[in-house]
Each structure stands twice: as structure tokens, then as C-alpha cells.
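Participant: We have chain A already, so just place chain B on it with the hints.
Taken in order, these protein sequences are the chains called A and B. Mapped onto the working numbering, the consecutive letters of the first sequence carry residue numbers 1 to 127. Mapped onto the working numbering, the consecutive letters of the second sequence carry residue numbers 1001 to 1188.
Be aware that one or more of the hints could be misleading.
[Stated by the list, open to error] With a cut-off of at most 20 Å between alpha-carbon atoms, the simulated SDA-like pairs for lysine to any residue come out as follows: (1) B:Lys1177 with A:Gln40; (2) A:Lys38 with B:Gln1034; (3) A:Lys25 with B:Leu1186; (4) B:Lys1033 with A:Glu4; (5) A:Lys32 with B:Leu1135; (6) A:Lys38 with B:Glu1020; (7) B:Lys1033 with A:Glu50; (8) A:Lys32 with B:Glu1176; (9) B:Lys1130 with A:Glu7; (10) A:Lys38 with B:Gly1074; (11) A:Lys43 with B:Glu1032; (12) B:Lys1138 with B:Lys1154; (13) B:Lys1125 with A:Leu31; (14) A:Lys12 with B:Ser1172; (15) B:Lys1154 with B:Gln1034; (16) B:Lys1154 with A:Glu7; (17) B:Lys1177 with A:Leu30; (18) B:Lys1181 with B:Gln1133; (19) A:Lys38 with B:Leu1186; (20) A:Lys60 with B:Lys1138.
[To be verified] Facing chain A, a subset of chain B residues (Cβ under 8 Å, in silico): (21) Thr1025; (22) Val1128; (23) Asn1129; (24) Leu1186.
Because the hints were derived from the structure by calculation, they are not lab data. Backbone N, C-alpha and C fix where the C-beta goes; we use that ideal spot for every residue, glycine too.
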Amino acid sequence: MDDELPEKEKQKLDIALIASQELQKEKKYLLKIRNLIKEQEYKLFPFFAEKVMNKIIQLKKIQKEYIDFANLFLLTFKRVSFSGFAIFLMLLAGFYLSEGSLSINLFNESFDFTYFIYQVFKTIKCH
Amino acid sequence: MKEYPGINDIELIKLVKEGEMPALTALILRYEKQVVKTVTGMLGKCREVDDISQETFIRFYQSLHNFKCQSGVGTYITRIAINLSLNEIKKRKKKNFLFSKNDDDNILQIPDTNLSQHLEKNDLKEIVNKAVQLLEPKYRSVIVLKLIDGYSTKEVTEILEIKKSSVLTRLSRAQEKLRVKLETFLEE
Chain A
1 MDDELPEKEK QKLDIALIAS QELQKEKKYL LKIRNLIKEQ EYKLFPFFAE
51 KVMNKIIQLK KIQKEYIDFA NLFLLTFKRV SFSGFAIFLM LLAGFYLSEG
101 SLSINLFNES FDFTYFIYQV FKTIKCH
Chain B
1001 MKEYPGINDI ELIKLVKEGE MPALTALILR YEKQVVKTVT GMLGKCREVD
1051 DISQETFIRF YQSLHNFKCQ SGVGTYITRI AINLSLNEIK KRKKKNFLFS
1101 KNDDDNILQI PDTNLSQHLE KNDLKEIVNK AVQLLEPKYR SVIVLKLIDG
1151 YSTKEVTEIL EIKKSSVLTR LSRAQEKLRV KLETFLEE
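The following block holds chain A by itself, in its conformation from the complex (with noise of 0.2 Å):
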């Protein structure tokens, strides 16, 4: 019925057809399926493409949004990581100028944080 057939099963469904009542009422059938199928309505919508449109631009302006918030945010996140890097190197070379040496064990002698910032400063401060 979809001429998909290849030439050898249409003439077997031909004979078929032309032998059996059954089957011409059954192909009679689908016809008048397939047609009433065909025929169904569906209805447009009014001002389609511009709503979709619309809604389009919106979104990619939601999206803009989004990415320069997310660009803010690592730009911000870069800043403050380095600098918090920084800080904290001038930290630890501002212990090893005081202490001598970065060994972890100084930490377990009653370590006092306060002199130590001190130290720090006073470090800085000299050079």
C-alpha cells in the first residue's frame, strides 16, 4: 500500500488480493483508515514564529547573563586566590627568616601565634 513493496511481494499481494475476500475487505479497511488518518485537522497558532522567537531571545539573554556573572565570579575568585597565595608566602618566608627553618616540629613547641606575626612584621620591616 506504500508502493515500498519490492515488484516480487506486490504481485504475491496482488494474487493474494484477487484470490481472498477477506483480504479486499481488510485492505478496504486500512483505506478508509488511512485516509480519515490523513484527513485529521490540526490547527495553527496565531503569531507562532515570533513567539518562538521571543522566547529565543530571552533565553540567550538569560544565558548572557549568566555567563558574564560566571566570568565576574572567576575573575573575583582569581584576584582573591592570588593574593591570598601571596599573603601567605610572605608568611611563610617572614617564619623562615625568624625561625631559620620551616620544620613542622616548631609547630608542636608551644607556638605563639601572636609573637610570631610579630616576628613577621619585624621582618618585613628590616628588609
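Facilitator: Just chain B now, with coordinates in the frame of chain A:
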């Protein structure tokens, strides 16, 4: 509105990728009818058809970078429409299950008509439409693509991503189910 006559779909897609949005409007205008037809076939006449059809084109735009020009634009858009419709059917099923809707809707009823003993063609169309809506989604999709949209078996295999034999089996079973459901209405 620019319609780009003489420019084929692939060229239009290239233009959209380059940022020329009117080219997208032209594509929407080209395929709007087909998408609405497919979605109406899958969901029946209801207010969700507009939303799903719009969503189809939005998804199409969002997935343009995935689009390989091997398959036709129409086939690609129809695939999106079918998948979104299937999702909507699943949602409806869940909703019906939660609110335990009774199964009266699953029975085909003759519309009230006292005009004549024979059903009018429009009534018959309505009954056939209802019968299609009562088919399982996997059968419904094949019926919609093959009989409403008029796609070839090969195209249906591409859209549904199933084997040719499965398409033919589903089509045959769907038609059989429809025949059984509609037998009493179609007898002359």
C-alpha cells in the same frame, strides 16, 4: 519578515550559526505546519500542542551545534517533536495515575448525533482521532509519522531510531488495533 526564498535549509542553518536570527525565523516558518501536525497527532487537540511545538524549535536552536547535515532538517525537527510529545504523554500518565483518573476515556463512544443513523464524516474523523490517541505511544508515533506526516519507512527508522522491521511490525499492529477498535464504526 525575511523568508529567504531559494536558500536551502542547510544554508539557513549556517546563517543561524553565524548569528543571523532572521534565518531561524525562516526555518520556523518552513517547519511550523509540520511540527504542529506531528504534535497534534501525538497529543490530540489540546492546549499543550502550542507549548510543545514552541519547545521543539527552542530545542532545535539549542542543539544546532549537534546537527550534522547527514539527516534532513525536517527529520531532525520531527525527531525532537516526537521525543517531546512522548515526554508529555509520560507526564500525563503520571498525573492520571496520581489523581486516579478513571478509565472511561479509554472506551470509544459514538458522539451524540441524532441527525441520521449514519455517522457524519466529521464524527468519524473525531472517532478515528480518539482511537489513535488510545494507542500506546510506540504505536501512535509510527502511525503519526507514516500516515499523518507521510514519512517513508526509512525516514521513520531514522526519526525513531529503531530497525526497519520494528517500524513495519509496529505499523501493522497499530493498524490492526485501529481496525478492531473502529470496525463497528466503519461498516457501511
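Participant: I'd like to know which numbered hints this structure contradicts. Please list them from smallest to largest.
Facilitator: 4, 6, 9 and 20
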